[in-house]
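Novice: Letter by letter, the chains look like this.
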Amino acid sequence: MRRSALDVEKRTGTPSAERRRLIADILEPPAAHPAHLDMTDSKYHTPEHTRLEGRTFRPSTPAELAEAVELAFDYRGDITVALTSGERIVGYLFNREATGPRPTLQLYPESGGMRQIAYAEVASIAFSGEDTASGKSWEAWVTKKESERRAEAQRAEADARARGHL
Amino acid sequence: MYTVAKYVLTQQLRGVRRYPLVLMLEPLFRCNLACAGCGKIQYPDHILDKHLTPEQCWAAADECGAPIVSIPGGEPLIHPRMPEIVHGLVERKKYVYVCTNAILLERKLDEYTPSKYLTFSIHMDGLRDEHDLAVCRDGVYEVAVKAIREALRRGHRVTTNTTLFDDANPERVRRFFDEMMALGVEGMMISPGYSYQKAPDQKNFLKRNRTRELFAKILGNRKRGWRFNQSPLFLEFLMGRRDYQCTPWGNPTYNVFGWQKPCYLLQDGYATTFKELMDGTEWDRYGTGRNEKCADCMVHCGYEASAVADTFGSWSGFGRTVKVTLMPNAGESVKRETVGAGRGEADRYSVR
Numbered sequence: 003m004r005r006s007a008l009d010v011e012k013r014t015g016t017p018s019a020e021r022r023r024l025i026a027d028i029l030e031p032p033a034a035h036p037a038h039l040d041m042t043d044s045k046y047h048t049p050e051h052t053r054l055e056g057r058t059f060r061p062s063t064p065a066e067l068a069e070a071v072e073l074a075f076d077y078r079g080d081i082t083v084a085l086t087s088g089e090r091i092v093g094y095l096f097n098r099e100a101t102g103p104r105p106t107l108q109l110y111p112e113s114g115g116m117r118q119i120a121y122a123e124v125a126s127i128a129f130s131g132e133d134t135a136s137g138k139s140w141e142a143w144v145t146k147k148e149s150e151r152r153a154e155a156q157r158a159e160a161d162a163r164a165r166g167h168l
Numbered sequence: 054m055y056t057v058a059k060y061v062l063t064q065q066l067r068g069v070r071r072y073p074l075v076l077m078l079e080p081l082f083r084c085n086l087a088c089a090g091c092g093k094i095q096y097p098d099h100i101l102d103k104h105l106t107p108e109q110c111w112a113a114a115d116e117c118g119a120p121i122v123s124i125p126g127g128e129p130l131i132h133p134r135m136p137e138i139v140h141g142l143v144e145r146k147k148y149v150y151v152c153t154n155a156i157l158l159e160r161k162l163d164e165y166t167p168s169k170y171l172t173f174s175i176h177m178d179g180l181r182d183e184h185d186l187a188v189c190r191d192g193v194y195e196v197a198v199k200a201i202r203e204a205l206r207r208g209h210r211v212t213t214n215t216t217l218f219d220d221a222n223p224e225r226v227r228r229f230f231d232e233m234m235a236l237g238v239e240g241m242m243i244s245p246g247y248s249y250q251k252a253p254d255q256k257n258f259l260k261r262n263r264t265r266e267l268f269a270k271i272l273g274n275r276k277r278g279w280r281f282n283q284s285p286l287f288l289e290f291l292m293g294r295r296d297y298q299c300t301p302w303g304n305p306t307y308n309v310f311g312w313q314k315p316c317y318l319l320q321d322g323y324a325t326t327f328k329e330l331m332d333g334t335e336w337d338r339y340g341t342g343r344n345e346k347c348a349d350c351m352v353h354c355g356y357e358a359s360a361v362a363d364t365f366g367s368w369s370g371f372g373r374t375v376k377v378t379l380m381p382n383a384g385e386s387v388k389r390e391t392v393g394a395g396r397g398e399a400d401r402y403s404v405r
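Protein sequences appear in the order of chains B and W. For the first sequence, the working numbering assigns the number 3 to the initial residue and increments by one for each residue that follows. For the second sequence, the working numbering assigns the number 54 to the initial residue and increments by one for each residue that follows.
Rather than coming from a laboratory, the hints here were simulated on the basis of the structure. Be aware that a few hints might be false.
[Stated by the list, open to error] Partner residues are not named here, just some residues of chain W that face chain B (Cβ under 10 Å, in silico):
hint, residue
1, Arg83
2, Asn85
3, Tyr165
4, Ser168
5, Tyr170
6, Gln320
7, Tyr323
8, Phe365
9, Val375
Note that the coordinates shown come from a computational prediction; the quantities given were computed from them, not determined experimentally. For glycine and all other residues, C-beta sits at the position ideal for the given N, C-alpha and C.
Given the sequences, and given the hints that come with them, work out the whole structure.
Specialist: Below, the structure is given as C-alpha cells:
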C-alpha cells in the first residue's frame with residue numbers, strides 16, 4: 003500500500019494524499035523551529051507541507067523505513083542515522099539500494115570516509131542538518147529587495163574569497 | 054567532427070546499442086558563484102569539499118571510453134589539481150571541455166598549454182545585464198569577457214555555453230550572439246534551462262512549447278556569422294522542426310558519488326562502475342512521455358545524442374544534417390518528425 007503511494011509520487015512528482023498522511027504519521031515534530039522554516043520555497047520532493055529539516059523518522063515497518071530512506075536520499079542536507087547498535091552517524095546520504103535481499107544505504111559521514119549501512123540496522127533517521135536547497139529559488143532571489151540581494155551576493159562573494167576561490 | 058563520426062560509426066558497425074559520446078566529469082561541486090538557477094551546489098560543506106583525484110578522473114574516462122570529456126562542476130578551476138587532470142585527459146587524446154565561469158581563468162591560464170584537445174567553454178548567459186543577474190553577482194560578465202580575450206590571445210580554443218530560461222528576450226539573445234562572435238570565440242552552445250530534480254528553480258523551467266517558440270525566434274533567420282558548436286539537427290529540434298526521444302546514456306555523469314543514474318540532470322541513484330550504470334539502469338523508464346521528470350526536458354545532454362544518432366544513422370539523416378548546415382534558414386516549413394531513441398551522442402562539441 004505504501005509502496006504504491008511512493009510510486010504515485012514518482013510518477014506525478016508530488017506526494018500523494020496517502021503519502022502525506024504517512025509522512026505526518028511517522029514524523030516526530032521538529033525539536034526546534036528555525037526561523038527559515040517559515041520560508042515558502044519548495045523542492046521537488048520536499049514541498050513545504052512535508053518540510054523535513056529538524057524532524058525525525060522512527061519507522062516501525064520496512065515500508066516506513068524505505069520511505070524514510072527515500073526522503074533522506076532526496077534531502078540536500080546532513081542526516082543523523084541512529085543504528086540499532088546505539089551508534090549515531092551524522093552525514094550525507096548519497097545513495098541507496100532499496101531492492102534485493104539486503105537493502106543498504108550509502109552515506110558520507112561528516113567526519114570522513116564512507117559508510118554502507120543495511121536498512122535492517124537503522125533505528126531512526128533525523129533530518130538534522132540544514133536543508134541547503136531551501137529558500138534559494140530564483141523567484142525568491144528576484145523578489146527580494148535590492149539591498150537583500152546585494153547583501154546575499156556579498157556574503158557569497160566573501161565566502162568564496164575567504165576560501166581563495168576568487 | 055571526424056573523430057566523432059569515426060567513433061559513432063565504429064560503435065554502430067560493432068552493433069553496440071548504447072554507447073556514450075560525452076563523459077560529464079564533475080570533479081567537485083564547490084563553486085565561486087551561487088547562481089539561483091543552479092541545482093548543483095546545494096550540499097553540506099563536507100560534500101562541497103570533496104574532490105575527485107586525477108587518478109579517479111582518468112579511470113572514469115578510460116572506463117567510459119567516450120571521445121569527449123566535458124568538465125562542469127561546481128567550478129572546475131577551483132580544483133587544485135585541475136591542470137593535472139586536464140593534462141592526463143589530453144594525453145589520452147580526449148577532447149576536453151573545461152566549463153568555467155571564467156572568474157579564475159585569466160589567473161590560471163599559465164597552467165594550461167593550448168591544444169587542439171583542450172577547449173575552455175565559458176558560461177555566458179547573455180549580455181551584461183542578463184548574465185550578471187543570472188549569476189547573482191555584478192561584474193562577472195566583464196571579467197569573463199576579459200578572460201576570453203586573453204585565452205584567445207594565447208592561442209586557446211574558446212567556446213561559450215548559454216542556458217536560456219523563459220524570460221529570455223530573443224532580440225537581446227541575438228545581440229548577445231553577435232557580441233560573442235565579435236569576441237572571436239570558436240562557437241557557441243545553447244540549451245534550454247536544466248530541469249534539475251533538486252534545483253530550487255523548478256517554477257522557472259521552460260515548458261516544451263515555450264522552448265520551441267523561444268528558440269524559433271532566436272534561431273530563425275539565422276545570421277551567417279553565427280557559429281554553433283553543436284549538432285545542427287539539435288538546433289532544429291529546439292526550434293520545433295524535429296522531435297527526438299531522449300538518449301540519456303549519451304552523456305554519462307561521473308562525480309564524487311559515482312556514476313549518476315540515469316543522466317546528468319536526474320539523480321535516481323549511483324553505480325560504482327560504468328558497466329553497472331549501463332547494464333543496471335532501466336533506460337526505458339526515462340525520456341519524453343515515459344517519465345514525468347522528463348516531460349519538459351529538451352536539454353542537450355539527452356537530445357543532442359539523439360540528433361547525432363539521426364545524423365549518422367542513415368544516409369538521409371546525414372543528408373538532412375548537410376542541408377541544415379549549409380542552409381540553416383531553409384527549414385521553416387519542414388514538418389516535425391519523430392525519431393526513435395538515439396544510439397549515440399552529439400557533435401555539440403566540435404572536434405578537429
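Novice: Hint by hint, note whether the structure agrees.
Specialist: Hints versus structure:
1. With its C-beta approaching chain B no nearer than about 7 Å, Arg83/W sits inside the 10 Å limit, and its interface hint holds.
2. Contact between Asn85/W and chain B, as hinted, is supported at the beta carbon level, the nearest pair being about 4 Å apart and thus within 10 Å.
3. Interface hint status for Tyr165/W: violated, as the beta-carbon distance to the closest one in chain B is roughly 18 Å, over 10 Å.
4. Contact between Ser168/W and chain B, as hinted, is not supported at the beta carbon level, the nearest pair being about 25 Å apart and thus beyond 10 Å.
5. For Tyr170/W, the interface hint is violated, the least distance from its beta-carbon to any beta-carbon of chain B being 26 Å, above 10 Å.
6. At about 8 Å, the closest approach between the beta carbon of Gln320/W and any beta carbon in chain B falls short of 10 Å, and the interface hint on this residue holds.
7. For Tyr323/W, the shortest C-beta to C-beta distance to chain B is roughly 4 Å, which falls under 10 Å, so the interface hint holds.
8. Given hint, Phe365/W at the interface with chain B, is violated; its Cβ is 34 Å from that chain's nearest Cβ, farther than 10 Å.
9. At about 40 Å, the closest approach between the beta carbon of Val375/W and any beta carbon in chain B exceeds 10 Å, and the interface hint on this residue is violated.
The structure fails hints 3, 4, 5, 8, 9 (numbered hints given earlier, in ascending order).
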